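> Protein chains in written order, with the numbering used here: chain A, 1 to 346; chain B, 1 to 346.
Misleading hints may appear alongside valid ones.
[What the hints assert, rightly or not] Partial pick of chain A residues on the chain B-facing surface, computed with a CB cut under 8 Å:
#1 196
#2 215
#3 224
#4 302
#5 303
To be clear, the hints were calculated from the coordinates, so they are not data collected in a lab.
Since this is a predicted model, take the numbers as computed values, not measurements.
All C-beta atoms, glycine included, are put in the ideal place defined by N, C-alpha and C.
One letter stands for each residue in the lines below.
Protein chains: 2
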Amino acid sequence: VTIKPFEWKNRQLFILDQTKLPHESHYELCPGLTDVFNAIKTLKVRGAPLIGIVAAYGILVALLEKNGKRAGEMKKIITEAGKFLISARPTAVNLEWAVRRMMEKAKSLDKALTSDRFFLEMEKEAVAVLREDLAMSGRIGKFGSALIKNRMSILTHCNAGGLATSGLGTALSPVYHAKEQGKKVTVYADETRPLLQGARLTCYELLQAGIKTVLICDSMAGTVIKQGKVDMVIVGADRIAANGDTANKIGTFPVAVLAYRFKVPFYVAAPASTFDLTTKEGKDIPIEERDPSEVRMFAGIKTAPENVDVFNPAFDVTDHELITAFITDRGIIKPPFKVNLARYLK
Amino acid sequence: VTIKPFEWKNRQLFILDQTKLPHESHYELCPGLTDVFNAIKTLKVRGAPLIGIVAAYGILVALLEKNGKRAGEMKKIITEAGKFLISARPTAVNLEWAVRRMMEKAKSLDKALTSDRFFLEMEKEAVAVLREDLAMSGRIGKFGSALIKNRMSILTHCNAGGLATSGLGTALSPVYHAKEQGKKVTVYADETRPLLQGARLTCYELLQAGIKTVLICDSMAGTVIKQGKVDMVIVGADRIAANGDTANKIGTFPVAVLAYRFKVPFYVAAPASTFDLTTKEGKDIPIEERDPSEVRMFAGIKTAPENVDVFNPAFDVTDHELITAFITDRGIIKPPFKVNLARYLK
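Throw the hints in and build the complete structure from the sequences for me.
Given below as structure tokens:
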């Protein structure tokens, strides 16, 4: 792991404030449950897997804060804290999943346990949530890094890196693994308008890891690919349909079209949980439209007439025929996707 | 004409300060030659054709300021003012061209003319420079508007509009003509990173003209085209090679690839002077790389780590086979371009 989006030290939770990145790497202590809630709510902590992990540790923060004396009391604290944390971002699936897992664990514990022992058991569970995410990222990295040869250049879009997860990420995990294996790798990072996760977060974490990084505007990916500057594209995913059509951050689809035109392999890195085999194809994936102000402004500066109409889809769908393969925690999945996704992911 | 990038009123030159757009439509009086020089130098006035026209009027400003009494004296004022203005932006071809034209005119005038008469002759020449640009834009608009049917939607990139010329532009002139003809037209405007000419200038002038405008990030053009939201693409050009390969603002080429994939017509609007038949093909066009800070920040706000490498090509090249036709001041030019460009533009 090359980046720590949070730290758990001496029973204290510190979160890396991502809203201050890339200019300031500030770890903020979250002494109470409300601090954890606010960190999630205000996007200081973002990325679906990371939110889940931090919430699991948030339960520990609540236990220490409320200082429950008996197991029964502690179970009650956990239930209340869990409900509160889930309400921070009600649509993030991982958040609820991780909190419910902590609640289940608490339920399963013996009422006769000492408070110390009870806490240790809960802490173990939070560590397990973290370790499983790391293991998932690690497997994606291991499988993906086999595709990367020494001195290769990789283009990525948005941030599917350590900052969105437990520290390794999905799309960036193969890059980190390749570096561990002694390979020299260069990453071209699309800045990723409107919210600039590429410029702010991907560049930050790659430079922290000592990986050569070249920032480009999204509109420059075409030239980078045409000029043969990149050997492959690796992106993350928000949802993958049964036929392989992939929803990811807006701007992914044009990159896939350009890569296809110039025969540059285009990989999607994602854990098994991102595949939704109940969704048949891309057109069945609902695409969220976000606030027009994101497009009318740049980094808080108004850049367009206030009354101009805006179209601001948060995601686009990359047709499966543009995708070379999926890099998953269960291995590399190649076409035909309809058959192979069902086989690998059942 | 729906927008006036400058005004010449009662022998006073007012320029629309484009650095304040779109938030403020401020016409700044240029009382002296230095003011005109600074307006060009600091990009208050930009767009190659417009710079030339404003410089021609700048010569008139110099004549009034220095208040020459005889024709001989006035010729000297013009020579000196001309040299000074050209130095404002030494690489802009139109600037030098327009200033030299004013100098030639001055040379041709009878030394016996009264200063009033001399000034009137020079003013006529400046008006001619303006009118010829308007006529050129008008012809592009006339030919181009024939391609636009009622209720069509058009996608454009960057600003090849009135603000870059005498008020009508190249890529946007067909849109303005279509509106004049009573057609309802919607324009999707790419914001055009890194300098956001689409968000700042194209949206501004289209809204001023009462044309329905939808602003998108460059990365959203793929979705807009895929979803069938646009009927055609029209862009401007910086240089067009003999085979039709076209250099234009970075981000044009990916739009062309996407339009081609979805069979959306892709037009390039440009006057005859933009075609360079001595350049054989796109790869012979030198592509300027600009300052990394343009990509690392916007409007003074840093968005990326300061030490991240950047690739910042200002233009890209659209391969001729992706272009449906050229909309020129001499008519629509269709493929095969190698044959037809030579025939129309000789």
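> Run every hint past the structure and note whether it holds.
Status of each hint after checking the structure:
1. 196: Since chain B brings a Cβ to about 5 Å from residue 196 of chain A, closer than 8 Å, the hint holds.
2. 215: Holds. Min distance 5 Å.
3. 224: Where the cut-off is 8 Å and the nearest Cβ of chain B is about 7 Å from residue 224 of chain A, the hint holds.
4. 302: Check passed: Cβ of residue 302 of chain A comes within 7 Å of chain B, closer than 8 Å.
5. 303: 5 Å, holds
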